[in-house]
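There are 2 protein chains.
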Amino acid sequence: MNRLYHFALSPFCRKVRLTLAEKRIEVELVEERYWEPSQEFLRRNPAGKVPILRMDGRVLSESQAICEFIEETNPNPQLMPRDPDTRYEVRRLCAWFDDKFHEEVTSKLLYERVNKKVMKLGYPDSKNVKAGAQAIKYHLDYLAWLLDQRRWLAGDQMTLADFAAAAHLSCLDYISDVDWNRSATVKDWYAKIKSRPSFRTLLVDQVPGFPPPRHYADLDF
Amino acid sequence: MNRLYHFALSPFCRKVRLTLAEKRIEVELVEERYWEPSQEFLRRNPAGKVPILRMDGRVLSESQAICEFIEETNPNPQLMPRDPDTRYEVRRLCAWFDDKFHEEVTSKLLYERVNKKVMKLGYPDSKNVKAGAQAIKYHLDYLAWLLDQRRWLAGDQMTLADFAAAAHLSCLDYISDVDWNRSATVKDWYAKIKSRPSFRTLLVDQVPGFPPPRHYADLDF
Chain A
1 MNRLYHFALS
11 PFCRKVRLTL
21 AEKRIEVELV
31 EERYWEPSQE
41 FLRRNPAGKV
51 PILRMDGRVL
61 SESQAICEFI
71 EETNPNPQLM
81 PRDPDTRYEV
91 RRLCAWFDDK
101 FHEEVTSKLL
111 YERVNKKVMK
121 LGYPDSKNVK
131 AGAQAIKYHL
141 DYLAWLLDQR
151 RWLAGDQMTL
161 ADFAAAAHLS
171 CLDYISDVDW
181 NRSATVKDWY
191 AKIKSRPSFR
201 TLLVDQVPGF
211 PPPRHYADLD
221 F
Chain B
1 MNRLYHFALS
11 PFCRKVRLTL
21 AEKRIEVELV
31 EERYWEPSQE
41 FLRRNPAGKV
51 PILRMDGRVL
61 SESQAICEFI
71 EETNPNPQLM
81 PRDPDTRYEV
91 RRLCAWFDDK
101 FHEEVTSKLL
111 YERVNKKVMK
121 LGYPDSKNVK
131 AGAQAIKYHL
141 DYLAWLLDQR
151 RWLAGDQMTL
161 ADFAAAAHLS
171 CLDYISDVDW
181 NRSATVKDWY
191 AKIKSRPSFR
201 TLLVDQVPGF
211 PPPRHYADLD
221 F
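Chains as they are written, first to last, in full-length UniProt numbering: chain A, 1 to 221; chain B, 1 to 221.
These are calculated hints, taken from the structure and not from any lab test.
None of the hints are false.
Cut-off 20 Å, straight-line C-alpha distance, at most; resulting in silico cross-link-like pairs (EDC-like, lysine to aspartate or glutamate):
no., chain 1, residue 1, chain 2, residue 2
1, B, Lys100, B, Asp141
2, B, Lys187, B, Asp141
3, B, Lys100, A, Glu104
4, B, Lys100, A, Glu36
5, A, Lys100, B, Glu103
6, B, Lys116, B, Asp205
7, A, Lys117, A, Glu31
8, B, Lys100, A, Asp99
9, A, Lys100, B, Glu36
Pair by pair, the computed Cβ-Cβ distance ranges are:
no., chain 1, residue 1, chain 2, residue 2, range
10, B, Asn2, A, Gln78, 25 to 35 Å
11, A, Pro211, B, Gln149, 47 to 57 Å
12, A, Leu121, B, Asn128, 16 to 26 Å
Computed list of chain B residues with no C-beta within reach of chain A, every gap over 12 Å:
no., residue
13, Ala21
14, Glu31
15, Gln78
16, Val114
17, Arg150
18, Leu172
19, Ala191
20, Arg196
21, Thr201
22, Leu219
Please read all numbers here as calculations on a predicted model, not as lab measurements.
Virtual Cβ for every residue (Gly too), placed ideally from N, Cα, C.
Use the sequences and the hints to build the structure in full.
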């Protein structure tokens, strides 16, 4: 049986989970407290991070490398278009969310509010929280700008870029940090992706001590 | 004419420069003080980062997305192998260097010693420098371990993974922060990649106020 070592509110794990679920690849989810790594976990992954995917005798790390591997070995349904220009755009946007958005928003809001408490690292730094709350507005506007020109983030087809973005936003939505009223276009896009069967397991995730708001799992939010 | 907006000691720019040079794609290099971005620069790249590649009417950002695009549109010489397992390994290692090594070593040594001064952000934080000097040992050992099993980092063929690693190490070598005596295997690998014609322009780069040590450009170091 395939296994994914993950943490419920890790956007990188969520991107991999969405990719696996779209391709109907079954995995057993194993919650990993990666900030208190066991010797066994470090042996599997010297980088000490999640996600780690154990699949067909392989042990895979680094979410983007994992997603591209899954895509190349299980091409249906297609999550990477064929033409180099759109492939570039998918990769650029994945990096945009996994680097820039992660640095400016996810780490400032989610990690301050949730991860710090779970990892017993103290209280949220209000300066960071404020900076994250400001930065997410600019990113939502950027999403809206992209979606005004395209059906999905990287073009007319749903791709890994949509999963990267939705993975981060779903984690932030779990702590009510996304203002869905800011852009109807972005809300429509998120409603579309949220209603996919692949999204279901994400919406039932719970982190002890942090109940999600009611709208989180609601498809008509 | 193609143009690459870059900073001489940015490992991400160096990875792209190596990729372009291996494929014999000529570019004009434009030094960009990205920490004092001009309006024109921000219009080209809302992420405000280097490298930015202007090529055939496109404006491309995010180093890994750029390298994969160059590879897909200019497949010779091949820098990404064909089989999904090795492609995964190339991408995993690029992420290893561009994320983990960057975080633990490059940002702690190069950014403290050089970038801080160039950007007028004050003096190096000795705690960071110490942590970086410690961490690079562990990474060099990891490289040695990989190279004991393989000719190149991801397998028997030179790939983007070698360029990602060499890009970081060459920046650190510019400030004498790589102990080449730690592993003969790693030194041999670096000598091989350093002697490639694609490496030449990197070795003549100079950052004002930071003359490189004599061994830096020496192919027999």
